[in-house]
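Given next are the chains, with one letter for each unit.
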Amino acid sequence: MTRVANGEAVETRAIPRLPMEEFRATVIGAVEKGARIAALFARPPEMFVVLAHGLDGVLSLAATTAAASYPALTPDCPQAHWFEREIAETWKIVPEGHPWLKPIRFLSGAPAVTEYFQVRGEEVHEVAVGPVHAGIIEPGHFRFQCHGERAMHLEISLGYQHRGVERALAGGPDKRTVHYMETLAGDTSVGHATAYAQNVEALAGTAVPARGLTLRGIGLELERLANHTGDLGALANDVGYLPTASFCGRLRGDFLNLTALLCGSRFGRGLVRPGGVRFDADAAKVGEARKRLAAARRDVTGAVDLLWKTPSVMARFEGTGTVPRETCEDLGLVGPAARACGIERDVRLEFPSGIYRFAQIPVSTWGTGDVFARAYVRWMEIERSLEFVEEQLAQLPAGATREAPGRIEPGRTAVSLVEGWRGEICHVAMTDEHGRFGAYKVVDPSFHNWIGLAMALREQEISDFPLCNKSFNLSYCGHDL
Amino acid sequence: METVLIRGAALACALLFAPLLIGTINQTKAFFAGRRGPPLLQPYFDLWKLLRKGAVYSRTTTWVFRAGPIVGLAATIGAAALVPLGGLPAALAFEGDLLVAAGLLALARFFTVIAALDTGSAFEGMGASREVQFSALAEPALFLAFAALARATGALSLTEIYGRISVAAWMQSGPSFALVAAALGVVFLTENARIPVDDPNTHLELTMIHEVMVLDHGGPDFGFVQYGAALKMWVLGSLLVGILIPVRSGRWWLDGAAALEGMFWVAVGVGIVESVMARLRLLRVPQMLVGAGALCVLAIVLGMK
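Quick mapping for you: the protein sequence lines, in order, are chains A and W. Residue 3 in numbering that gives the first Met the number 0 sits at position 4 of the first sequence; the count goes up by one each step and never skips. Residue 63 in numbering that gives the first Met the number 0 sits at position 64 of the second sequence; the count goes up by one each step and never skips.
Just chain W, with the same shape it has in the complex (with noise of 0.2 Å):
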């Protein structure tokens, strides 16, 4: 029973807990401009209230506008599935499961990219058109990532790699992981939207790249793109604390407790990341992600000896 428990433990903090990042990140925001913010649980808040609203679809629209939303946060719920939250084992492990993961966020980007273009609108054609170009970028950073993490710990299954990153694994290959994390931490900024790369709360059409393509989804439909977007954000989130916070006792409370309390320290350095610097022009977002692509390289190449 308390291995079930356990299993189901990580998806369950990810399905609860993910919108809290997105709270935290913006009371970091509040506290770094000298603002009081808006309430840590206002995610939650706007949840509950779009999920309530009724839906506006466009004439022009098929259904495939109407899958996006709810295709993309069922991917991304699987994806969760197969994330460990640092020493927490995810619900389901198997061998090759990274490549998995990753396929099912593919997936979820691919029905937002094309529920945004069935619109027929410049601004979401726009949007798609820079997201599709830089996670093409973007993805072969993530699986090189994998590729590097999988040749230090010998392990092909995430469950397995992120339980074998102990405070021992970094003694033996730590520049590896550190290469990773800092490559890890660029896909997520790229990945969630997030400044330098995105600007989460412009109001400028012209400049957005994530928020853009979700312009006409309304109502629950909204609620789930924004809940998908924050699980995303907790998915992504894990992987770089599984390598940052190196805790495996073998006590899942206390490797739960210390996965957490790294979930917070990101949502906390976002914050100040966003409160410190002005967003790349776009021109130099790809510059940005090939150099993280490197790093993975480099990491590999580390690990060969």
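Bound conformation, chain A alone (with noise of 0.2 Å):
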């Protein structure tokens, strides 16, 4: 295995060929070992994976020759599943012995069009929800199979949102390449910016001066805390709770309208770009920054403290949706929804890049795997975020916020992982012999998620599908791409 830190690229070449017998055992035997496959993909005629060690803060790459079949990993490596559904849909190398061998976005032929998981017997009966919805959200299909109000098991189907991303990225980069990464989730826009300008900066080994990393930072703090705002006004609306459900619908459009003040798009479009950020604050801009956000940090308070006052909300929160901790390590499931079940899983923890080397944030996290733990490492983390965004702006360092980035190398890999705000973003890039990107490969943190929605429905009511989904607030163009 080849080591890398987050932010490194190294010689393709290098990354050892292993034969798939090994590969499989090196995977299997690191996740046995508490490693998490960051990514699982392959370009014809080889296949990559990226190990995350988040123990050592290192990553690992290796690659194998990959042949028309073989054995599947997710047997013995459940992480494995849904990048071994993606792998054959794309490319038609089939994982023998996978237990549930279906698309994951129907490339070709209709979405959602497939068998299902069906429960039989006396009363049981099936719901399909979706791919239209009744509130203005993504396109996505739901199978529950029911027993009276109960929800025995649930089925995500998804593909709607299929753009080709990935396809489109190879030969760049070029003028669109930074556009397809704001739009990949569009609530994730510096997110997943962040993460192709820190490969790109390390393929052509660029230094980012601190202010540009301060302020990428700083927007990527926001973007995280006007969606973990609008996630807890979203859960409180789901049970009817007005107060905190008006509050922070009004307090989220005060964060993103911070965001706007530091770049002038709410979604932090044009804000990253390879080298650093293409927008400076001025003295005038970061006081009237720090204002705001005085002011909204009173009211955020204010609004979500009513939540955990109000037993009537605790009541549907506390014990609903439970995803058990051995299932949210056997599926590797990455961001607050990991934190919910007590794991110390945060990229800013383990793999700091870019200005977390040198501010840390606390971990936040809550170990009873329910909607109640997933709202309030929503909360703790705001509240971390506040701090740390409060902390930079007073001390911005001076400066210039860009440096153009060289020549990008041939021949060379390099891994980018970045905390978005529902979790790990990992993206991996591979130059050809030009220096253009052969392969650029996008993992959402919704990738990994959408299993996580799907197990903590088990023996839930489904009534209370509505609560969990929003818990969990996936992305469906993120997974889809």
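Note that these hints are calculated values from the structure, not bench results. Careful, some of the hints might be misleading.
Covered stretches of chain W (in silico footprint by chain A; criterion: 3 or more residues with CB under 8 Å from a CB of chain A, positions within the stretch not fixed) [claimed, not checked]:
#1 30-36
#2 118-125
#3 189-200
#4 204-218
#5 268-275
#6 280-293
In this text, a Cβ means the ideal position worked out from N, Cα and C, and glycines have one as well.
Please dock the two separately framed chains into a single complex, following the hints provided.
Structure representation (structure tokens):
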């Protein structure tokens, strides 16, 4: 295995090519010892794996030859299940022995037209929801197997938002690349753009000025603040608790407007560019941002505290949609969903890059794995991010905000991890002999976590599905790419 | 002539002002949320809009589906004719009309439920199942409440029962009345699909009870459903207000005004409840309804002396 740090590039040739037997043994062995599959993908004739060793803070890379078929990893290593389905669908490489080999994006044929798990028996009924939903959300199909109000199993079928982003990225980077990145998942513009920028910087050997790194970190935390606040409001709305729902809807806008103050876009578009950031913040802007942040902090504290103090809300949150810690570890969930199971999994802690190498943010965890835990972890992260942003704004380093990256080196592979607000974003860039992207792999946190939602709903009341869904709040287009 | 007018006043109020309850609730919620909220008369505008629209019927439905809203509204109007508004007598009154009123409400529900089942949709079936499950517990509570009131006042017609709930009667059997009012409050929230039982504003079909059953109705049919729901809220609200506002001066305009004010405060109260608490988990709803029934039993026991 080749060891590599987050945001570092290695010679693609130097990645060890292992025979399939050894490759399997390496991956399974590492995962048993606590590593996690950050990415597993094929670019025929080869197949690559990126393993994240959280305790050591290193990533490791390995490759093998992709034949027409191979013995599946999933039976020994459930984390691989979604990756192997993706590989099978995209490259027609069959993982033999995969327990449930179906397409995940339906590249050919209509989405969701496939077989589903079925429960048979008296009084068992099936409920199909979507792809068209009652709210204004993205399309996805949900199939519930129910016995009365009890949901025994949920199967999620996505792919409606597949746009072929990874295909379009090959041959880059070009003028369009960064815009693809900012729209991979519209609510994670800064997250994905940062992951991409780190890759380009690693491949071109660019040193980003401290001021650029800091502003990037502020952008990323503001994105987290806006989304977490919106999610807490949406959770309150789903249980019919109006005060927090109304306040948080407005406060999410306040955080988005802070991002707009930095770069002119509420969603952080145009902020992050390879080499740094495109917009500087002068003293007047920083002063304004600090003032607004203090006001938002006061309001959000008041609005969210109401949730924890209202028994009728807590009665709905506690014990609903519990994901056991073992399930979370087996499936390799990431982000607040994993931290809500008591697992200290956070890229900012385990694989710090950029500003997070200098300013640590404490990891927020809660052990119960239910809707309450996912909500409360979000609240703790809001508090930590507010502190971080206030601190960084107060001591913004002087100097340039960006150093234009030089020539991208050919024949190299870079891995970049970023803790987006949903969890770990993993980008792998491999350059060809001309210094262009031969392959660009994107793993959105939603890719890991959709199965977590399905697990959370086991043996729950079907009427609690919207609440569980909101507590994960996963991206459809980030998954479908 | 005047007696005829007075006898029609309660029904006329119901028919005219029922949608105003919804408007008042929405205004209260908007006030608590710091929003301006929809206009007070929005429910009327909505009804007018729906009545001018065409209706769309799925090919999988039968006459049952089309009959649902019509029978539902007709039965609810029938119930409204039997229920007095505080001291204002009902349009029709006879011995045992309380059973007929409850029966008419049940008939309306029955038709809403089978119209929902007629669509064959999984959502509507789920909503129908929840509606029936909860009403199986809400109806006994309502009957027990009637029994307690009949026992306390010694009458068997709603108009007479409510005519006798005066301040003096409160002095005599206040605890019974208070318990019955609490139980009727729970029945009111359940039957009208309000928080903490149901969320009338949610778009999440998996969590709905009443709203999900009427998803497939459109145009005038949906207008009937909405109007019927407002009317049902008025009917159950008058049962509650009749107990809580014991103004029985004998002057029809004073009794009527007091009852109308009571209705206003019921709507405001619902708005406040919806602004300060979350929905119950569906599993908890039956417990609350059984509790309401128990309160009525207690009221009956208290009345036996």
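Hints versus structure:
With a threshold of 8 Å between beta carbons, the proposed coverage of the segment 30-36 of chain W by chain A holds, since 4 of its residues qualify and at least three are required. Proximity of the segment 118-125 of chain W to chain A, defined as three or more residues with a beta carbon under 8 Å from a beta carbon of that chain, is established by the 4 residues found. Three residues within the 8 Å Cβ limit are the bar, and the segment 189-200 of chain W against chain A gives 4, so the coverage statement holds. For the segment 204-218 of chain W, the stated coverage by chain A holds: 3 residues have a C-beta nearer than 8 Å to a C-beta of that chain, and at least 3 were required.
Under a criterion of three residues with beta carbons nearer than 8 Å to beta carbons of chain A, the stated coverage of the segment 268-275 of chain W is upheld, 3 such residues being counted. Coverage of a stretch by a chain is defined here by at least three residues with a beta carbon nearer than 8 Å to that chain's beta carbons; for the segment 280-293 of chain W and chain A the count is 4, and the condition holds.
Violated hints for the displayed structure: none, as all numbered hints are satisfied.
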